[in-house]
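With the sequences and hints as input, model every part of the structure.
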Amino acid sequence: MIFGYASGAFDTFHIGHLNLLRRASFLCDYLLVGVVTDDAYEQMRGQPPIVPFAERLEIVRYVRFVDAAVGDPYTDKRLTWELYRFDVLIKGDDWKDNPKAEALLGRLAEVGVGVEFVPYTRQTSSTRLRHLIGQLRNSSATGEASEAG
Amino acid sequence: MPCCTTVAIVAYGGHREGNWAVAKVHGYTSGVFDMFHIGHLNVLKAAANQCDYLTVGVASDELATELKGHPTVMPLLERLEIVQSMSMVDNAVVQTSLDKVEAWRDLGFNTVFIGDNWQGHPRWEETERLLEPLGVRVVYLPYTYSSTSEALIEAQLTHDGT
Chain A
13 MIFGYASGAF DTFHIGHLNL LRRASFLCDY LLVGVVTDDA YEQMRGQPPI VPFAERLEIV
73 RYVRFVDAAV GDPYTDKRLT WELYRFDVLI KGDDWKDNPK AEALLGRLAE VGVGVEFVPY
133 TRQTSSTRLR HLIGQLRNSS ATGEASEAG
Chain B
2 MPCCTTVAIV AYGGHREGNW AVAKVHGYTS GVFDMFHIGH LNVLKAAANQ CDYLTVGVAS
62 DELATELKGH PTVMPLLERL EIVQSMSMVD NAVVQTSLDK VEAWRDLGFN TVFIGDNWQG
122 HPRWEETERL LEPLGVRVVY LPYTYSSTSE ALIEAQLTHD GT
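As you go down the protein sequences, you meet chains A and B in turn. First residue of the first sequence? That's 13 in my numbering, and the numbers climb one at a time after it. First residue of the second sequence? That's 2 in my numbering, and the numbers climb one at a time after it.
Please note that the accuracy of each hint is not assured.
Stated by the list, open to error - Computed from the model, here is a short list of chain B residues facing chain A with C-beta under 8 Å: (1) ILE83; (2) GLU133; (3) ALA156; (4) GLN157.
Keep in mind that the hints were calculated from the coordinates and are not lab data. Glycine included, each C-beta is placed from N, C-alpha and C at the ideal position.
Below you can see the structure in the form of structure tokens.
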């Protein structure tokens, strides 16, 4: 049985996140998803995420492709591996350019853990979402808030 | 419903809730689901806990713009796909109007879930009146005021972009 692991911030859940999780589920028999903790996020990005950890985790937990979801406080995925002992690490292919990638791949290969890359969804990202929202706000008047009833 | 039908449904493993005899609960709830957040998840969880099969209507871009007075951030296909991907959702469909009778004709649900912020609203009192002869009951779920898409949008705009 192939035990896969994918991690992310999943800040403001969007189609890019969903695509990653869907593709990850096809690369393993059991998918564990790590949701980056608020502290780890701040360490990596320099500011806290928009959506608090508990909410980000809860949403990911209920995505049908996810078998289990946990918090991931480690920036070094080798440490996450020490904890969970997954067989394969699944990452978006935008991460290949990351200078730390090669070193991590090596350290994981040492313990027989492979890495699989899934295509990074270019049209949506949390950064792009913020940009889109800004544009929408500037160009149209906001109406009275009401959920569809 | 005639009382002999009620007895038959209950005898075959259904249950009674006041005047309603329900065999399998096919629930329906609808929304815009723009920028999917914990409030949306809570509604879907609460609805799914009270039904055997959950259909979720996702407002079309046109309907959403009409209701909110501005376009959605995420297009229909993405909103639909995200809702469909939640494990408690059995079926996600496009909703083009607020007409619940029309939705019932297409989908055949027997229970409609809506937030209790709508309870007492004339439109929903009318909806209840129209659905009752069709054997459809309306269930009001606790509405979480703290999380809304508007709050999320505000948070997005004040977040320093990276």
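Query raised in the report: Holds or violated: GLN157/B as interface residue toward chain A, Cβ cutoff 8 Å?
Result: 5 Å, holds
Query raised in the report: Hey, does the ILE83/B contact hint survive, CB to chain A under 8 Å?
Result: It holds, given that the least Cβ distance between ILE83/B and chain A is near 6 Å, below 8 Å.
Report task. Tell me if GLU133/B is really an interface residue toward chain A, meaning its C-beta lies closer than 8 Å to one of theirs. Result -> 18 Å, violated
Query raised in the report: Should the hint that ALA156/B touches chain A count as held when the rule is a Cβ pair under 8 Å?
Result: 5 Å, holds
Hint compliance for this structure: hint 2 is the single one not met.
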